[in-house]
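Hey, can you work out the whole structure from these sequences and the hints?
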Amino acid sequence: MCDEVDIEQDSLCGEPAQFDPTFRGPVKKRKCNDIICCFLFTAAILGYVLLGILAFCYGDPRHVLYPRNSTGWFCGIGPNKDRPNLFYFDILRCVPSVNVMPTTLNGFQCPITKVCVEKCPSSFWAVGKPSYLPTVKPASVFNQSLCVPSLHLENTTLTVKDIVDKELCPFFHMPTISVLGRCLPDVAALGKIPSAFSNIPGLPSVKLINSSTKDILKGFNARGVGIRILEDFVSSWRWILVGLLPAVVVSMLLLLLLRFPAPVRVRMAVILGALCPGVGGIWHCCNQFVIYNEDTASIIKTGFKFRVLYPITWVYFLFPLYFVECTWIFITIFRLQGLKMIIALIQESSKAIGHMMWALLYPLVTFVLLLACVACWGSTALCLATAGSPIYKVVALKSRTSNCKSIIGTDNCDPQTFTPSDYPDCPSARCIFINYNKEGLLQMDALQFLNFVTFFWCVNFVLALSQCTLAGAFASYYWAFNKPGDIPSSPVWGGFMRSLRYHVGSLALGSFLLILETVGMVVLRVLNIIVVSLLFLHFTFSSIIRMCKWMNGYSRIAFLKRLR
1 MCDEVDIEQD
11 SLCGEPAQFD
21 PTFRGPVKKR
31 KCNDIICCFL
41 FTAAILGYVL
51 LGILAFCYGD
61 PRHVLYPRNS
71 TGWFCGIGPN
81 KDRPNLFYFD
91 ILRCVPSVNV
101 MPTTLNGFQC
111 PITKVCVEKC
121 PSSFWAVGKP
131 SYLPTVKPAS
141 VFNQSLCVPS
151 LHLENTTLTV
161 KDIVDKELCP
171 FFHMPTISVL
181 GRCLPDVAAL
191 GKIPSAFSNI
201 PGLPSVKLIN
211 SSTKDILKGF
221 NARGVGIRIL
231 EDFVSSWRWI
241 LVGLLPAVVV
251 SMLLLLLLRF
261 PAPVRVRMAV
271 ILGALCPGVG
281 GIWHCCNQFV
291 IYNEDTASII
301 KTGFKFRVLY
311 PITWVYFLFP
321 LYFVECTWIF
331 ITIFRLQGLK
341 MIIALIQESS
351 KAIGHMMWAL
361 LYPLVTFVLL
371 LACVACWGST
381 ALCLATAGSP
391 IYKVVALKSR
401 TSNCKSIIGT
411 DNCDPQTFTP
421 SDYPDCPSAR
431 CIFINYNKEG
441 LLQMDALQFL
451 NFVTFFWCVN
461 FVLALSQCTL
471 AGAFASYYWA
481 FNKPGDIPSS
491 PVWGGFMRSL
501 RYHVGSLALG
511 SFLLILETVG
521 MVVLRVLNII
531 VVSLLFLHFT
541 FSSIIRMCKW
551 MNGYSRIAFL
561 KRLR
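The sequence shown begins at 1 in UniProt numbering and counts up by one.
Don't take each hint at face value.
Claimed, not checked - DSS-like mimics (lysine-lysine), calculated; alpha carbons at most 30 Å apart, straight line:
1) K340 x K351
2) K161 x K192
3) K129 x K161
4) K81 x K166
5) K166 x K119
6) K119 x K161
7) K137 x K161
8) K351 x K483
9) K129 x K192
10) K129 x K166
11) K483 x K340
12) K166 x K137
13) K119 x K137
14) K129 x K81
Read the hints as simulated data drawn from the structure, not as lab findings.
These numbers come from a predicted model, not from an experiment.
Take a look at the structure:
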């Protein structure tokens with residue numbers, strides 16, 4: 001009878017393998033999986049590298065990292081190393097309602113003189129009428145740091161009027177703040193505009209200054225989303241690193257806790273993770289309730305920061321904390337069997353970690369690889385966004401004069417060969433930098449999309465490689481018959497090399513499927529939002545139509561009752 005059962009099991013499961021005392025760890029002689037996907041992933045990486053090289057050769061990240069003055073020099077580097085901020089002489093002319101040329105130039109660039117300064121002005125100032133007298137020295141009127149670098153106020157023979165007409169120095173300025181290296185008007189100071197500004201020659205009215213300043217800030221915020229994201233990333237990368245480093249330290253501490261016995265770790269997680277914050281929150285709410293219940297005279301203002309002064313507010317905070325804490329205690333008490341199973345699994349994991357200490361450091365390798373992926377994506381996107389050649393156009397600094405109205409900023413120019421004498425009717429004509437060319441092979445949005453998709457593919461591949469490496473390392477521990485004698489000397493390194501040698505294709509295929517799933521989820525969420533909005537509109541209009549029909553019928557009935 002036993003022989004028949006053994007024969008039946010052999011026919012279902014195959015011939016049982018014989019014990020091999022020399023077998024250690026996973027099978028070493030194996031074949032590569034998903035070779036086609038491996039070649040496709042390798043080709044994608046090579047194409048990504050080629051795209052990055054082309055973007056690096058033709059791109060100019062300084063366009064996003066640093067602002068440029070009227071002559072095309074960058075602020076904050078080179079000759080302007082000590083002057084990181086860009087100051088606009090007459091920033092009100094950047095508003096289309098005041099000057100039509102910003103609309104023609106299609107962007108935040110405007111036909112005014114811009115200089116690099118060390119600090120943005122923080123006060124109201126303007127050239128008064130007495131300062132235009134020929135006997136007044138320009139050095140006593142203007143600030144040298146806000147003037148064109150080629151002008152030296154101490155040695156110039158020009159008068160104040162000549163300097164203002166040629167826009168060598170600003171004839172007024174208002175309080176500004178540095179925003180991404182640009183001196184933009186301070187909205188908080190709009191209500192403090194001096195009344196004397198209404199009598200300054202050439203200066204708009206106070207009302208126009210208020211409206212123009214708000215339009216400028218709206219135009220600055222309405223720039224390309226991609227450029228704004230890159231600028232925010234560049235300006236905040238230090239804070240990102242500051243946030244990542246504590247996260248790495250905390251993660252390493254949690255990994256080091258694996259060396260402690262499992263019951264100790266589970267109890268620490270239960271106590272420190274839920275009981276201590278919950279009990280501390282309940283005690284704090286009760287304490288604040290007692291304090292503010294006795295002092296009712298301080299409750300005189302409204303607003304969120306003053307709402308916490310109400311005793312009832314702390315009662316509202318207390319009940320959710322109490323409910324969550326009680327729920328957690330009941331779950332902990334009635335799920336002791338599940339906790340025992342968790343403790344058993346963690347104990348076995350602790351034994352494996354004890355024989356493979358390098359597994360605790362491998363997450364750092366994954367972290368470095370992910371940082372490399374983010375750095376490659378960010379630098380490539382930045383270079384692609386600035387891969388165009390610089391564009392210079394002829395503009396009139398005094399565009400409101402009759403002789404300069406024909407110059408509307410549509411003619412290209414070369415700053416090295418341009419001379420104002422080419423426009424004798426408009427002495428204020430200048431060749432200034434506008435932006436970078438956005439039409440070309442490297443400026444296509446498809447390349448940015450390709451960069452984005454390849455970035456996600458690489459990130460998913462790195463995560464999959466990490467999981468496969470650790471799985472191979474723990475498999476060597478699992479298959480070791482005599483522990484720790486049969487465990488390989490470097491199981492983590494062996495799992496890493498085995499994953500790279502045999503499983504790149506499978507990991508690449510799985511990573512690509514995750515990208516398709518992510519894209520599909522995004523599309524479904526967008527469609528869900530659209531459908532829900534359409535259904536809401538349909539329900540709203542249906543309700544309005546039904547209400548109108550009901551009111552129409554009700555009015556008819558009321559009218560007939562009156563006729564009776």
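query = Can the restraint linking K119 and K161 be considered satisfied, given a maximum Cα separation of 30 Å?
reply = Holds, at about 25 Å.
request  = Below or equal to 30 Å on CA atoms is what counts here, so check K351 against K483.
outcome  = Given that 30 Å is the threshold and the Cα spacing comes to 10 Å, the pair holds.
key: Given hint K137 paired with K119 - CA-CA distance at most 30 Å   = holds (24 Å)
task = Would you mind confirming whether the straight-line C-alpha gap from K129 to K166 stays at or under 30 Å?
result = Distance of about 18 Å is within 30 Å: holds.
ask   = Taken at face value, is the distance from the CA of K161 to the CA of K129 at most 30 Å?
value = holds (10 Å)
Agreement of K81 and K166 with the hint, judged by alpha carbon distance not exceeding 30 Å = holds (26 Å)
ask   = Taken at face value, is the distance from the CA of K161 to the CA of K137 at most 30 Å?
value = Given that 30 Å is the threshold and the Cα spacing comes to 11 Å, the pair holds.
request  = Quickly compare the C-alpha distance for K129 and K192 to 30 Å and report which way the hint goes.
outcome  = holds (21 Å)
task = Starting from K483, check that the Cα of K340 is at most 30 Å away, please.
result = holds (24 Å)
30 Å limit on alpha-carbon distance, applied to hinted pair K129 and K81 = Status violated; Cα separation ~36 Å.
inquiry  = K166 and K119 were given as a pair; does the straight-line alpha-carbon distance stay at or below 30 Å?
reply    = This hinted pair holds, its Cα atoms lying about 23 Å apart.
Holds or violated: K166 to K137, with C-alpha atoms at most 30 Å apart = holds (16 Å)
Taken one by one, the earlier hints fail for this structure only at number 14.
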